[in-house]
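J.: Since chain A is already given, all that's left is putting chain B with the ligands on it; use the hints.
In order, the protein sequence lines correspond to chains A and B.
Okay, so the first sequence: first residue is 4 according to this note's numbering, each after it adds one.
Okay, so the second sequence: first residue is 4 according to this note's numbering, each after it adds one.
It is possible that some hints are incorrect.
Just so you know, same-sequence chains aren't split out, so a pair can sit in one copy or run between any two.
[Unchecked claim] Computed list of lysine to aspartate or glutamate pairs in EDC-like fashion (alpha-carbon distance at most 16 Å, straight line):
id, residue 1, residue 2
1, 354, 48
2, 85, 350
3, 318, 475
4, 245, 212
5, 312, 326
6, 246, 214
7, 477, 320
8, 296, 132
9, 354, 40
10, 99, 56
11, 131, 56
In short, the hints are calculated from the structure, not lab data.
Predicted model only: the values in this text are computed from it and were never measured.
For reference, the chains in residue letters:
2 protein chains.
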Amino acid sequence: SNGNTTHHPLERLKVIAQEQGLDLTDRRFAEYMDSIDPIRHLREDFCYPKMKDLPKTDLQLVDPEEDCVYFCGNSLGLCPKKFKEYMLLEVNKWEKTGVEGHTSGDLPWAWFDEDFCEDMGKIVGAKKEEVAVMNGLTVNLHLQLISFYRPTPTRYKIMIESKAFPSDHYAVESQIEFHGYDPKTAMIEIEPRKGELLLRAEDILAKIEEEGDSIAVICLSGTQYYTGQVFDIPTITEAGHKKGCYVGWDLAHAAGNVELKLNEWGVDFACWCTYKYLNSGAGCMAGFFLHEKHKNNNFPKLKGWWGHKLDTRFKMDNKWSADTGALQYRISNAPGFLGPSIKASLEIFNKTSMKEIRAKSLLLTSYLEALILNKYGQPNEQQENGEVKGKVKENGQNGEVKEKVKENGQNGEVKEKVKENGQNGEDWKHVHVDILSPSDPTQRGAQLSLSFSVPILHVFEELTKRGVVCDERKPNVIRVAPAPLYCSFLDVYRGVNYLDQSVQSAARIS
Amino acid sequence: SNGNTTHHPLERLKVIAQEQGLDLTDRRFAEYMDSIDPIRHLREDFCYPKMKDLPKTDLQLVDPEEDCVYFCGNSLGLCPKKFKEYMLLEVNKWEKTGVEGHTSGDLPWAWFDEDFCEDMGKIVGAKKEEVAVMNGLTVNLHLQLISFYRPTPTRYKIMIESKAFPSDHYAVESQIEFHGYDPKTAMIEIEPRKGELLLRAEDILAKIEEEGDSIAVICLSGTQYYTGQVFDIPTITEAGHKKGCYVGWDLAHAAGNVELKLNEWGVDFACWCTYKYLNSGAGCMAGFFLHEKHKNNNFPKLKGWWGHKLDTRFKMDNKWSADTGALQYRISNAPGFLGPSIKASLEIFNKTSMKEIRAKSLLLTSYLEALILNKYGQPNEQQENGEVKGKVKENGQNGEVKEKVKENGQNGEVKEKVKENGQNGEDWKHVHVDILSPSDPTQRGAQLSLSFSVPILHVFEELTKRGVVCDERKPNVIRVAPAPLYCSFLDVYRGVNYLDQSVQSAARIS
Ligand SMILES: Cc1ncc(COP(=O)(O)O)c(C=O)c1O
Ligand SMILES: Cc1ncc(COP(=O)(O)O)c(C=O)c1O
Chain A
4 SNGNTTHHPL ERLKVIAQEQ GLDLTDRRFA EYMDSIDPIR HLREDFCYPK
54 MKDLPKTDLQ LVDPEEDCVY FCGNSLGLCP KKFKEYMLLE VNKWEKTGVE
104 GHTSGDLPWA WFDEDFCEDM GKIVGAKKEE VAVMNGLTVN LHLQLISFYR
154 PTPTRYKIMI ESKAFPSDHY AVESQIEFHG YDPKTAMIEI EPRKGELLLR
204 AEDILAKIEE EGDSIAVICL SGTQYYTGQV FDIPTITEAG HKKGCYVGWD
254 LAHAAGNVEL KLNEWGVDFA CWCTYKYLNS GAGCMAGFFL HEKHKNNNFP
304 KLKGWWGHKL DTRFKMDNKW SADTGALQYR ISNAPGFLGP SIKASLEIFN
354 KTSMKEIRAK SLLLTSYLEA LILNKYGQPN EQQENGEVKG KVKENGQNGE
404 VKEKVKENGQ NGEVKEKVKE NGQNGEDWKH VHVDILSPSD PTQRGAQLSL
454 SFSVPILHVF EELTKRGVVC DERKPNVIRV APAPLYCSFL DVYRGVNYLD
504 QSVQSAARIS
Chain B
4 SNGNTTHHPL ERLKVIAQEQ GLDLTDRRFA EYMDSIDPIR HLREDFCYPK
54 MKDLPKTDLQ LVDPEEDCVY FCGNSLGLCP KKFKEYMLLE VNKWEKTGVE
104 GHTSGDLPWA WFDEDFCEDM GKIVGAKKEE VAVMNGLTVN LHLQLISFYR
154 PTPTRYKIMI ESKAFPSDHY AVESQIEFHG YDPKTAMIEI EPRKGELLLR
204 AEDILAKIEE EGDSIAVICL SGTQYYTGQV FDIPTITEAG HKKGCYVGWD
254 LAHAAGNVEL KLNEWGVDFA CWCTYKYLNS GAGCMAGFFL HEKHKNNNFP
304 KLKGWWGHKL DTRFKMDNKW SADTGALQYR ISNAPGFLGP SIKASLEIFN
354 KTSMKEIRAK SLLLTSYLEA LILNKYGQPN EQQENGEVKG KVKENGQNGE
404 VKEKVKENGQ NGEVKEKVKE NGQNGEDWKH VHVDILSPSD PTQRGAQLSL
454 SFSVPILHVF EELTKRGVVC DERKPNVIRV APAPLYCSFL DVYRGVNYLD
504 QSVQSAARIS
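With the rest of the complex left out, here is chain A (with noise of 0.2 Å):
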């Protein structure tokens, strides 16, 4: 019963498919999945954008009343529908009353961020003491390493990924900076080896092994924003404790896409982002995680009244007396009106649970990546993982998307895709898809980044017309990821058609 997990789920994929005596390319195949997928219903929880409304449709393409494929829930989540209705409650309250919003209504301003944490804390496995929600990720992390990174003359590098987040990079590069260190000896850049683009979990492991002595922090991504590969967090957290350095992760991309358990593995202290995978809208307040081991740590700390006990904060003694936990970590107070999207948010997140989103995410990406497998051929050639090679040439023959596709041009559906093929029947043969991503579905979450052999700006743009939203991450990439909150097997099925039909066209205009 637990088969599933040990499985790869393009095993599970195909079992139905066989049952239901469907092709996976076909489009009931999608349509049967949906139609099984316990956690369907939770995208009309979603405002789930309409081909006509996004800014850039050519609606000589696509249906304008269709809805759009939404692939970018790694970079903007979509919003959630309750959201306008708890908005509108908090900017009532604001006109009607004024100040008194602070202590009344639905989102008390001076205190509706501490409701927040101990669902918070569900979705990343930790305890409502261990949550703060407040300030922007990176903001956290600075917060974090103030406390964590106290470098001494022999234990003073931080480690993190060579392709971190800009954000993380120049955050650690300035904190090593500030305290007189020179982040070319301080900063170690864990790297890919020659000709490879995924960290390898063993290489990460010896570099701590070697380095660890003089490591302070280590300071990685649990999911990688631009291969998407996810990082064995246990493993990596253990193997740190056990050279003595502190382990803190940036979760941006891991948070509400991949199962964590921050308190069972012992992480010291993470910081995560609320407007990806967790729908909250851009630049929303973002999450903090300290160890409940650390809750009555007496590191160095930027203080603010927002992190004194409420109950003798407004005493006005300027006598220090800490919140429990991540809270003392509080400065300002919070912004009133990002707290309506996170309770919007968390009420979805409540509705299910990580483990069955997930669940659902690995099918989800895995039926998107054998799609595309299907038709361009093999994953990325660093990957060395027969098994799952194995399986897609089983099933990829490059013929047989090409006429289901056509099937659907008889649909209606994709009509501009079948004229294409008409003038250009053999233009995909060129074109090469790559999938950056990890191939071992543990290894990954929800996004796959794809690049081509023709200009991704070009395929970008394509991919735009059609109301394919995803986004282009410099040098080489287009990530896309089906959020598996309200994305659909159909979404996918649909967003590898548009994928095809731009990828074509791309490569006409190059």
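T.: Using the frame of chain A, we list chain B with the ligands on its own:
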């Protein structure tokens, strides 16, 4: 023609009263003052709460349909009417287009904050490049101290007020500790003289002269939150500079309240919140000022990707390239849903000027002071300003207001009051109301801080029942602030009547 600024505003009020043949304590005087107020129409740009909308109003005591008396703009400003409209634009944008909202619409989430810098700069007397809008106030203060507080064995102190706002106190204390110094010796808390509540400029300057050589940073509030005292920013800044100190200001209670010329005064850094006199909602993004002389500094900084120049920010090559001026201190991306209130608020400020706002404020608060003194006697004994004291004595015959109130009672407006007076007609004689704020109008902003011979919590409760919105600050004051953008002279008139009722009532309870 510039005589108004050199004379006490009470003089001006009295001249007008005399010209109109009205007594200062006559309701018609308030009405006349409103009729000649050049910015009276701006009240219409705000949602001014009604008595019936405030949760704790006793509708037996006041007319439910009447506007409340909002004297709490020093704590949380009122909601601009345009806020809801602008908010709904952003909500709809997210609903309909997801991530597209970053670069489209009225407030593109990726850069809307930059568009506020110029208008925000006007309010504090700063150039556009000197201003950023981000984070919370205390977070900004920390970011500035990280840059400006670089203690050495000979220059390691920070000078603050002994009664600094708690958050500033904790910020400074924790920064000192962070650098390994002891707040006991490194934190100079400048205190009022024994038995006094206000700081004397001469004492501040003497302290700077005395300790300046060992002071790294002077960090005071432009307007003291508890007493409402306005400090002489240019003189203190200059004195600090002469001693080689950096001088920074917490302008939480000064921005939008008094005229500021941060650039001209050579202030090194400053921060302020936008939820008080800037009417942008609880915990909204705060102001950050960095003088242009520091725009290319290489001080230590806590960096993040949002401080990187926009044109190369998304190159993701992890090579730092600082944005201009204050903007390089940005860390995380900006919260899109905090933009609408700031936009709505700045539009109102753009219809007037700080000069015009302050001109009204001087009259409005002097009027409030005059009515209180008229009823309850003398200003705070500490204050030796003979001129003001004299004027008030001249003007204030306690009996007068009482009669006026009765007159009002006959208009059916403040019935309860008359009843109370009827029952306890002489109680006021035993009650003292003291004004702690400076009697010199140039040394205060909109706010007057009141203390009472009866328990303030009782007074506060009674005021609340009567829809007078103000706040109570431990240990012992009620702060009342008629914000000039939306408060009228009639509000002040009504507010003082309700204050009188409340004090009487509190005296009966006590
Ligand atoms: C003078 C002063 N400084 C700082 C603050 C706190 O700022 P925040 O919570 O916005 O950081 C306040 C809040 O009322 C204040 O009055
Ligand atoms: C991995 C990662 N870390 C950090 C950030 C930036 O965070 P913020 O601007 O919220 O501080 C992002 C944003 O996309 C990210 O993907």
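J.: State for each hint whether it applies.
T.: Verification of the supplied hints:
{"no.": "1", "hint": "354 - 48", "result": "within (11 Å within a copy, 41 Å between copies)"}
{"no.": "2", "hint": "85 - 350", "result": "within (9 Å within a copy, 29 Å between copies)"}
{"no.": "3", "hint": "318 - 475", "result": "between (51 Å within a copy, 11 Å between copies)"}
{"no.": "4", "hint": "245 - 212", "result": "within (9 Å within a copy, 53 Å between copies)"}
{"no.": "5", "hint": "312 - 326", "result": "within (4 Å within a copy, 37 Å between copies)"}
{"no.": "6", "hint": "246 - 214", "result": "within (9 Å within a copy, 46 Å between copies)"}
{"no.": "7", "hint": "477 - 320", "result": "between (51 Å within a copy, 8 Å between copies)"}
{"no.": "8", "hint": "296 - 132", "result": "within (11 Å within a copy, 44 Å between copies)"}
{"no.": "9", "hint": "354 - 40", "result": "within (14 Å within a copy, 55 Å between copies)"}
{"no.": "10", "hint": "99 - 56", "result": "between (33 Å within a copy, 6 Å between copies)"}
{"no.": "11", "hint": "131 - 56", "result": "neither (39 Å within a copy, 35 Å between copies)"}
In the structure shown, a violation is registered for the earlier hint numbered 11 alone.
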